[in-house]
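Novice: Chain by chain, the residues:
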Amino acid sequence: MRKIIAIALVVGVCGLAAAQEAGTPPQGMRGTPANLPDISLVGVIDGHTSSNKADDTRDKLEFNEVETAFQGYIYPEMKADVFLALHKHGTEYESEICEAKVSFLSLAEGLSAEVGKVNAEFGKMNKAHSHTRAMADQPAALTNFLGEHALNPQGAALKYLLPLPFYAQAQVGAWTAAAHEHHVEGDNTADVLDVDQSTVTVVLAPEETEDFSPAGKLYTARLNAAFPLADGAELELGVSGLKGKGSHWEHHQDNIKLAGADFTLKFWPSAYRRFTLQGEYLRLTRDVPVGKLKRDGLYVFGNYRFSKYWDLGARFDYAENAFPVITYERDYSLIATRRLTETTTLRAQYKHINLSGEKTDEGWLQLIFGLGPHSHEME
Amino acid sequence: MKKLFLSLAALACWAGAANAEIKVVTASSDLKYLCERVGGAEVKAESLASGGQDLHMVEPRPSMVFKLKKADLVVRVGLDLDMWVDSLINAARNPRLFYGAAGYVDASAGVPLLEKPEGKVDASMGDIHIYGNPHYWLDPANSKIMAGNILAGLKRAAPDKAAVFDANYAGFVKELDEKLAGWQTRMAKCTGLKVVTYHGSWPYFARRFGLDVAGHVEPRPGIPPSAAHLDALVKKMKAENVRVILTESYYPRKGPEFLSERTGAKIVTAAVSTGGGKNVETYLDVFERVLEELCSK
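Protein chains in written order, with numbering that gives the first Met the number 0: chain U, 0 to 378; chain G, 0 to 296.
Please note that a few of the clues may not be correct.
[Claimed, not checked] Computed footprint of chain U on chain G, listed as stretches where at least three residues anywhere in the stretch have a Cβ under 8 Å from a Cβ of chain U: (1) 43-53; (2) 81-93; (3) 217-231.
[To be verified] Derived pair list, reagent style DMTMM-like, types lysine to aspartate or glutamate, alpha-carbon separation capped at 20 Å: (4) G/Lys66 to U/Glu235; (5) U/Lys78 to G/Asp85; (6) U/Lys265 to G/Asp53; (7) G/Lys173 to G/Asp284; (8) G/Lys188 to G/Glu291; (9) G/Lys119 to U/Asp37; (10) G/Lys234 to G/Glu260; (11) G/Lys154 to G/Asp165; (12) U/Lys307 to G/Glu58; (13) G/Lys265 to G/Glu239; (14) G/Lys193 to G/Asp230; (15) G/Lys69 to U/Glu76; (16) U/Lys307 to G/Glu217; (17) U/Lys78 to G/Asp79; (18) G/Lys66 to U/Glu376; (19) U/Lys307 to G/Glu256; (20) G/Lys253 to G/Glu217; (21) G/Lys143 to G/Asp176; (22) G/Lys69 to U/Glu108; (23) G/Lys154 to G/Glu45; (24) G/Lys66 to U/Glu108; (25) G/Lys22 to G/Asp165; (26) U/Lys307 to G/Asp53; (27) U/Lys242 to U/Asp295; (28) G/Lys119 to U/Glu341; (29) U/Lys78 to U/Asp37; (30) U/Lys265 to G/Glu58; (31) G/Lys66 to U/Asp230; (32) G/Lys265 to G/Glu292; (33) G/Lys22 to U/Glu108; (34) U/Lys307 to G/Asp126; (35) G/Lys253 to U/Asp310; (36) G/Lys193 to G/Glu239; (37) G/Lys277 to U/Asp230; (38) U/Lys358 to U/Asp54; (39) U/Lys256 to U/Asp295; (40) G/Lys43 to U/Asp230.
The hints are simulated quantities; they were obtained by calculation from the structure and are not laboratory data. Glycine included, each C-beta is placed from N, C-alpha and C at the ideal position.
Hey, can you work out the whole structure from these sequences and the hints?
Specialist: Pasting the structure below:
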């Protein structure tokens with residue numbers, strides 16, 4: 000018996016010494032070593048019913064998006080993340096590179112860079128992939144000013160954690176974004192009232208029914224800071240700016256500026272409970288040869304996670320469109336989310352849309368599932 | 000404008016003020032305790048998660064990035080329990096803390112693991128941890144290995160203080176061994192005690208103190224209990240005379256209360272980390288309190 004104890008002691012001490020002398024073996028060294036990236040897939044199935052009978056996408060439950068991801072380190076402190084997606088656009092599926100970027104995680108203390116196709120950090124929500132959002136759709140202001148599927152141009156961004164006694168990050172980016180393809184009728188013009196009440200003639204073009212988004216050469220900047228208000232409460236504030244052209248610049252010659260301010264207040268009263276209040280305000284300025292369009296948009300989103308498995312949320316949207324003939328949209332949404340596992344979520348959303356007096360009620364159902372290790376930068 | 004620049008410069012100087020202490024950021028409050036024991040006065044440790052949080056579900060916050068930005072050492076639980084730490088390390092851009100760097104410590108290194116899955120692993124098994132069960136700190140004997148990993152990290156950060164750290168480590172091990180012997184003596188009368196646990200968090204604890212885990216409130220890790228599962232568990236508990244339901248303080252009460260009402264089993268609600276409950280001020284208190292509760296059943 001003594002021998003067994005002595006051997007156990009020797010083995011234990013040797014094992015401990017080995018653990019100490021060898022330093023810390025990395026986590027990935029457990030199990031069978033494998034030189035593979037993290038490969039994952041996220042699927043989004045959704046559908047909605049609508050009181051608008053002209054909505055030809057209603058009453059269908061379909062695969063809306065499939066996102067595949069390949070993620071891993073390509074060099075010490077250099078990471079590659081490639082997200083490829085199949086999206087449903089109207090009745091067609093289109094493949095696209097959602098994001099494909101290389102991150103230089105530490106160029107110098109506090110300084111990092113990203114190059115490639117990236118969800119630009121404009122405001123709080125544009126960066127987030129749709130499947131990570133706590134809602135089935137995106138706020139109307141983001142759709143109207145940044146595009147239907149987030150603004151993700153090609154280029155580079157530099158981010159710097161400011162040497163201040165609280166979290167503060169400044170970043171700048173230079174990008175190129177593809178303009179939307181569309182067919183323009185050359186004589187499709189209209190006389191509209193400018194901001195100074197004078198009448199100007201502008202090209203209407205089919206963009207009235209197309210997306211607007213920033214395009215061409217874009218420059219972005221963002222400053223955000225966070226302040227812990229207590230052990231379980233944190234406030235984040237941010238301002239963003241963007242300068243570039245509109246997605247139909249070749250016809251409208253519109254130089255654009257987009258300014259934004261956002262806040263996020265989070266409060267964690269217990270292990271699984273969390274209250275979130277988030278808002279963004281955006282102002283778009285389209286400078287066209289015949290005048291200047293100024294448009295505003297905002298959303299306010301409140302969410303209460305009241306248990307490990309359930310969230311209840313509400314959102315108010317206000318958004319003007321980006322086009323010469325202005326519309327005003329006011330939406331009210333109620334959102335219930337049930338988390339089935341860490342990677343699978345079921346969501347129901349009611350949305351009341353008031354688009355310049357035209358009212359629509361919608362009911363959404365969304366199922367999001369994940370396969371494999373999938374991660375995103377901290378949002 | 001000049002005033003603004005001067006103010007920013009003053010803030011930057013304040014933020015960058017040098018301090019001789021080794022700044023350590025840990026994922027859990029237990030790791031913080033161990034860092035403080037091994038590092039002593041040379042260390043200023045902060046935990047990202049509080050003792051009352053479920054380490055599977057900690058939400059990264061900007062203030063955590065700020066802590067890591069200034070840190071000399073990060074100590075994580077590992078085994079995919081605290082995957083949220085990765086995004087924080089990347090966001091902090093602190094070259095000392097990246098994977099494999101001198102300031103990166105995985106406390107699980109060298110811990111003999113239980114419940115390592117074999118073969119195909121997928122979500123049909125629930126939220127399973129592919130490297131093995133990550134709740135290893137609930138065997139107090141494993142804390143010697145965890146503290147050993149921390150010791151190695153601290154020596155890398157401050158080699159000149161190695162003798163101090165070695166002495167602190169030896170002091171901790173001595174105290175732990177004494178406590179462990181006492182706990183095992185206390186638990187000897189409960190050897191073979193059958194328990195149902197909420198989550199599969201207790202295999203290391205059960206092995207150390209001779210408990211028999213008869214089932215879990217969750218049908219699979221991370222999956223909420225269904226009525227059918229609870230019914231089956233009631234039958235099993237009655238058949239096997241399971242008298243204790245052991246659950247973490249943060250898990251929902253509904254399932255354990257349902258079982259307790261139907262079987263008469265008592266619910267032992269345990270704080271599983273330092274600071275996670277009343278009179279659980281240290282890592283050693285975690286075991287004092289749980290054993291106290293279990294032994295009184």
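Novice: Now tell me if each hint is right for this structure.
Specialist: Results of checking the hints against the structure:
1. 43-53: As far as the stretch 43-53 of chain G goes, the hint holds, because 4 residues have Cβ atoms under 8 Å from chain U.
2. 81-93: holds (count 9)
3. 217-231: holds (count 3)
4. G/Lys66 to U/Glu235: holds, 16 Å
5. U/Lys78 to G/Asp85: Since the Cα atoms of U/Lys78 and G/Asp85 sit roughly 12 Å apart, the hinted pair holds (cutoff 20 Å).
6. U/Lys265 to G/Asp53: holds, 18 Å
7. G/Lys173 to G/Asp284: Holds, at about 16 Å.
8. G/Lys188 to G/Glu291: holds, 13 Å
9. G/Lys119 to U/Asp37: holds, 16 Å
10. G/Lys234 to G/Glu260: holds, 13 Å
11. G/Lys154 to G/Asp165: holds, 9 Å
12. U/Lys307 to G/Glu58: Distance of about 13 Å is within 20 Å: holds.
13. G/Lys265 to G/Glu239: holds, 15 Å
14. G/Lys193 to G/Asp230: Holds - the C-alpha atoms of G/Asp230 and G/Lys193 are around 18 Å apart, at most 20 Å.
15. G/Lys69 to U/Glu76: holds, 18 Å
16. U/Lys307 to G/Glu217: It holds: about 13 Å lies between the C-alpha atoms, which stays within 20 Å.
17. U/Lys78 to G/Asp79: Within the cut-off at roughly 19 Å; holds.
18. G/Lys66 to U/Glu376: holds, 17 Å
19. U/Lys307 to G/Glu256: Holds, at about 17 Å.
20. G/Lys253 to G/Glu217: Measuring from Cα to Cα gives roughly 12 Å; hence the hint holds.
21. G/Lys143 to G/Asp176: Roughly 9 Å separates the two Cα atoms, so the pair holds.
22. G/Lys69 to U/Glu108: holds, 10 Å
23. G/Lys154 to G/Glu45: Holds, at roughly 18 Å.
24. G/Lys66 to U/Glu108: holds, 14 Å
25. G/Lys22 to G/Asp165: holds, 18 Å
26. U/Lys307 to G/Asp53: holds, 10 Å
27. U/Lys242 to U/Asp295: Between U/Lys242 and U/Asp295 the Cα gap is close to 16 Å, so the pair holds against 20 Å.
28. G/Lys119 to U/Glu341: holds, 19 Å
29. U/Lys78 to U/Asp37: Distance ~12 Å between U/Lys78 and U/Asp37 Cα, so the pair holds.
30. U/Lys265 to G/Glu58: Distance ~11 Å between U/Lys265 and G/Glu58 Cα, so the pair holds.
31. G/Lys66 to U/Asp230: Roughly 14 Å separates the two Cα atoms, so the pair holds.
32. G/Lys265 to G/Glu292: Cα-Cα ~10 Å, so holds.
33. G/Lys22 to U/Glu108: Roughly 16 Å separates the two Cα atoms, so the pair holds.
34. U/Lys307 to G/Asp126: Within the cut-off at roughly 14 Å; holds.
35. G/Lys253 to U/Asp310: Holds. G/Lys253 to U/Asp310 sits at ~18 Å (cutoff 20 Å).
36. G/Lys193 to G/Glu239: Holds. G/Lys193 to G/Glu239 sits at ~8 Å (cutoff 20 Å).
37. G/Lys277 to U/Asp230: Judged against 20 Å, a Cα distance of about 18 Å means the pair holds.
38. U/Lys358 to U/Asp54: Holds, at about 13 Å.
39. U/Lys256 to U/Asp295: holds, 12 Å
40. G/Lys43 to U/Asp230: This hinted pair holds, its Cα atoms lying about 18 Å apart.
Violated hints for the displayed structure: none, as all numbered hints are satisfied.
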